[in-house]
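S.K.: Sequence:
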Amino acid sequence: MIRSTVLSVGEMAYFEDYPMLILFNETAPDELKDVCIVHQFDDPIQDTDTMLVENGRIIFGQKELHIVEVGNVANQNFAQLGHITLQFPTEEQAEVLPGAVLVKEPEIPRISAGEQIVILTE
10 MIRSTVLSVG EMAYFEDYPM LILFNETAPD ELKDVCIVHQ FDDPIQDTDT MLVENGRIIF
70 GQKELHIVEV GNVANQNFAQ LGHITLQFPT EEQAEVLPGA VLVKEPEIPR ISAGEQIVIL
130 TE
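Position in the sequence shown counted from 1, then plus 9, gives you our numbering.
Among the hints, erroneous ones may be present.
[As the list claims (entries may be wrong)] Label-pair restraints from in silico Cβ distances:
hint	residue 1	residue 2	range
1	Asp39	Gln89	14 to 20 Å
2	Gln55	Pro28	18 to 24 Å
3	Pro28	Gln125	29 to 35 Å
4	Thr59	Glu100	27 to 33 Å
5	Thr14	Leu41	14 to 20 Å
6	Asp43	Gly123	32 to 38 Å
7	Pro98	Ala122	24 to 30 Å
8	His75	Gly123	30 to 36 Å
9	Glu25	Asp52	29 to 35 Å
10	Glu114	Val44	30 to 36 Å
11	Arg12	Glu114	29 to 35 Å
12	Glu116	Asn64	30 to 36 Å
13	Glu101	Gly70	27 to 33 Å
For the record, the hints were derived by calculation from the structure and aren't laboratory data.
None of the values given here were measured: they were computed from a predicted structure.
From the three backbone atoms N, C-alpha and C, an ideal C-beta is built for every residue, glycine too.
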């Protein structure tokens, strides 16, 4: 289990035209902070290859998301930069980007600073 705390939510973090959320750790460049959710891991990351897995779950506060597909560099980016792009399903679903995670749920959760992010592999 991985835990992280949301530090801030950018003013333009919710993309209504393309359903996605962008996460970065506290080292995010200032020019990206308005369009992403900035978080900080509660503990150092141990297993960098299998943090994000198909059939795993990502929990934001009380909202649980189920992972459908993981891009081929998503785990590496998440371990190094705290960065992933969460893609939410659409009728015209594009290919999952290399640093992205596709989730099952279509509704983008509203997230607040101070909330916990929990990642479960089972």
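S.K.: Now tell me if each hint is right for this structure.
M.R.: Each hint, compared with the structure:
1. For the hinted restraint 14 to 20 Å between Asp39 and Gln89, the CB-CB distance of approximately 19 Å keeps it satisfied.
2. Look at Gln55 against Pro28: about 31 Å separates their beta carbons, and that is not inside 18 to 24 Å.
3. Restraint check, Pro28 to Gln125: a C-beta distance of roughly 22 Å breaks the suggested window 29 to 35 Å.
4. Between Thr59 and Glu100, the C-beta spacing of about 31 Å keeps the proposed range 27 to 33 Å intact.
5. With their beta carbons about 18 Å apart, Thr14 and Leu41 fall inside the hinted range of 14 to 20 Å.
6. For the hinted restraint 32 to 38 Å between Asp43 and Gly123, the CB-CB distance of approximately 19 Å leaves it violated.
7. For the pair Pro98 and Ala122, the supplied restraint of 24 to 30 Å holds, since their beta-carbon distance comes to about 27 Å.
8. Restraint check, His75 to Gly123: a C-beta distance of roughly 24 Å breaks the suggested window 30 to 36 Å.
9. Checked against the given bound of 29 to 35 Å, the beta carbons of Glu25 and Asp52, roughly 34 Å apart, stay inside it.
10. Between Glu114 and Val44 the beta carbons are some 21 Å apart, a value that contradicts the proposed interval 30 to 36 Å.
11. Checked against the given bound of 29 to 35 Å, the beta carbons of Arg12 and Glu114, roughly 20 Å apart, lie outside it.
12. For Glu116 and Asn64, the Cβ-Cβ distance of about 19 Å falls outside the hinted range of 30 to 36 Å, so the restraint is violated.
13. Between Glu101 and Gly70 the Cβ separation comes to about 29 Å, which falls inside the hinted range of 27 to 33 Å.
Of the numbered hints stated above, those contradicted by the structure are hints 2, 3, 6, 8, 10, 11, 12, listed in ascending order.
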